[in-house]
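So the protein sequences, as listed, match chains A and B. Residue 321 in numbering that gives the first Met the number 0 sits at position 322 of the first sequence, with consecutive numbering throughout. Residue 139 in numbering that gives the first Met the number 0 sits at position 140 of the second sequence, with consecutive numbering throughout.
Please note that the accuracy of each hint is not assured.
Simulated restraints, written as ranges between beta carbons of each label pair [stated by the list, open to error]:
hint, chain 1, residue 1, chain 2, residue 2, range
1, B, Ala62, A, Pro42, 53 to 59 Å
2, A, Asp68, B, Gly242, 58 to 64 Å
3, A, Gly289, B, Ala290, 20 to 26 Å
4, A, Lys247, B, Gly242, 52 to 58 Å
5, B, Arg64, A, Gly289, 27 to 33 Å
6, A, Gly289, B, Gly308, 24 to 30 Å
7, B, Val45, A, Thr65, 56 to 62 Å
8, A, Thr65, B, His9, 53 to 59 Å
9, A, Asp73, B, Gln166, 30 to 36 Å
10, A, Thr65, B, Gly242, 56 to 62 Å
11, A, Asp68, B, Ser323, 46 to 52 Å
Think of the hints as simulated: they come from the structure by calculation, not from any bench. Bear in mind the structure is a predicted one, so any value in this text is a computation, not a measurement. Virtual Cβ for every residue (Gly too), placed ideally from N, Cα, C.
Protein chains: 2
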Amino acid sequence: MTGRDAASPHSGQIVPAHELPVPSTVSAELQARIGLTATMSFPADVPTTNDGWDRQYNPDPAANRTRIDALLVDNNLVMEKKDIGGVHCYHIIPRELGDPENGCTIVNFHGGGYVGGRGEAGLNEALFVASVGRLATVAVDYRMPPEHPFPAAVDDADAVWLTLSSQLGPARVGLFGTSAGGGIILCLVQRLIARREAVPGAIVCGTPWSDLSETGDSYFVNRYADIVRYEGSLGVKALQYAGGRDLKDPLLSPVYGDFHGFPPTLLLSGTRDLFLSNTVRVERKLRDAGASSHLIVYEGQSHGRYLSGLDVPETRVAAQDMASFFRQHILPKS
Amino acid sequence: MTGRDAASPHSGQIVPAHELPVPSTVSAELQARIGLTATMSFPADVPTTNDGWDRQYNPDPAANRTRIDALLVDNNLVMEKKDIGGVHCYHIIPRELGDPENGCTIVNFHGGGYVGGRGEAGLNEALFVASVGRLATVAVDYRMPPEHPFPAAVDDADAVWLTLSSQLGPARVGLFGTSAGGGIILCLVQRLIARREAVPGAIVCGTPWSDLSETGDSYFVNRYADIVRYEGSLGVKALQYAGGRDLKDPLLSPVYGDFHGFPPTLLLSGTRDLFLSNTVRVERKLRDAGASSHLIVYEGQSHGRYLSGLDVPETRVAAQDMASFFRQHILPKS
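Only chain A is shown next, with the shape it has when bound in the complex (with noise of 0.2 Å):
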């Protein structure tokens, strides 16, 4: 059950070179957006630094501040940013809400492969579910390496929480990422049941990366399929991020780790995702800890694809998924 895929001692499939169409099965926009993407190709230098990673994940900052701001005009959020817990957070707060500290709070961390989305450029997932779901909502800018390695981004991440939970009540405090993201809160909560401390009350773990070594069926059969590859990229961040440490490591790669006393969780995949193993094999192993998880599969998706904008009608869909999870299993009784 251990070792890479490709070390198994039978022999495989044999799949003959072909075009994958674009599926007919999403919206038109969700189609122009895969068939943009069907034929990109990827940066092939590897930056050593921060700064490196940022030019790769936001090449225009001026373009996204401009974004952002025009996003949250149209969806009547007020975004400021705060310290919490000693790490650099976003604020984000529908202007309905008034006193957003009686109701809940979300808290956001972004994907990345946990080298890239730094600042401004990791605001995404926080503004498309704040804007759908109107919840109160934390994106925390946790450190990243090459400069800040592994339990770098867990501790910060570890840092807003215990600030929040003691603020809010743990029960009233939800955490939701995509990607690293998820991971990163698999870890988190992995921690605070290890030190026997309270967990959220419930998370959404969007395609998280839950084993950082080329580890799972999705990983091969949707190799050409979706649009990261591990091979020179993400396998790449793996190691920057893992500063040495076996890939395999639970510290590193969750699934590997135990699920009893998890809260509510809800997995987000798709049928093109190389995620795909990564989300369900944590789902079972949810299952078999007696964890209420949840699954969805989003047809026709690749990667944290529901990610892909607010004009898109299935990112709408994913944020309210999400929203509707956490008011369901957060929101305050009363």
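With the hints as your guide, set chain B onto chain A.
Coordinates of chain B only, in the frame set by chain A:
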């Protein structure tokens, strides 16, 4: 949102020729099974009679009977043929149950693309779940094309349902089935709701054939990862079943039908399942209709792979997942 996936106006991705490894994240027993079928080829001829299909699906009936007899003894089951509502069925009862009429009954509709699995060739799933789950089980030997096309299969399901639900009460009957069997269940429940009649206590649809047209992302993403094929195989069977009806007619392809009023539904699929989209598109419809739905996607599994055999751990896991779902939803509270 309609039309074959290849009908999207956008160009798709080019997938180069490659070998898809056997997943290392499934049991050694299942790895061996997957390895065996990796190079399997399918019969090219298309039978035009039920006997012809039987020869493909059940080439050695005597060996199959010997296997079933051993399975009944090993698992302490009694099986007898029974006419239920005019339909040929098998009643499988765990010996320790005593009078099973006091409990609940689960009713299985076998898979086989609407053409395979007649008689004793269609008993696997019912026997596996009865063995592991220790529930009284009815296996329905519904009529099939070429001799009995649509709507014979659903008419037979309907007749069995009406008899059992009036004997036991609808809430104490559960329905389960894989592939075509899952499709029959979805069609039957839509028919019951259209007639404003009571629905089963719970249903389990394993990788259901919800769309008989080749529509849905996984028909393409998993085209070479799964061992079942649409072209020349499923497509031929769909046409024999449809008897001239449009393959997107909701009476054939229930994903296009209405899901309001559905009972608690468990859906099963796998990470390399050709029917992953058939499964998750139904889950989305159930969710949107406010039904209680639950999705499990098994790691490393192609279409119906969890029916490999009781010597494969994954078969026992799936049978236990199904039985647990029924125990949770339909066992009488006494």
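Hint check:
no., hint, in the structure
1, B/Ala62 to A/Pro42: 53 to 59 Å, "holds, 58 Å"
2, A/Asp68 to B/Gly242: 58 to 64 Å, "holds, 59 Å"
3, A/Gly289 to B/Ala290: 20 to 26 Å, "holds, 24 Å"
4, A/Lys247 to B/Gly242: 52 to 58 Å, "holds, 53 Å"
5, B/Arg64 to A/Gly289: 27 to 33 Å, "violated, 40 Å"
6, A/Gly289 to B/Gly308: 24 to 30 Å, "holds, 28 Å"
7, B/Val45 to A/Thr65: 56 to 62 Å, "holds, 60 Å"
8, A/Thr65 to B/His9: 53 to 59 Å, "violated, 28 Å"
9, A/Asp73 to B/Gln166: 30 to 36 Å, "violated, 59 Å"
10, A/Thr65 to B/Gly242: 56 to 62 Å, "holds, 59 Å"
11, A/Asp68 to B/Ser323: 46 to 52 Å, "holds, 50 Å"
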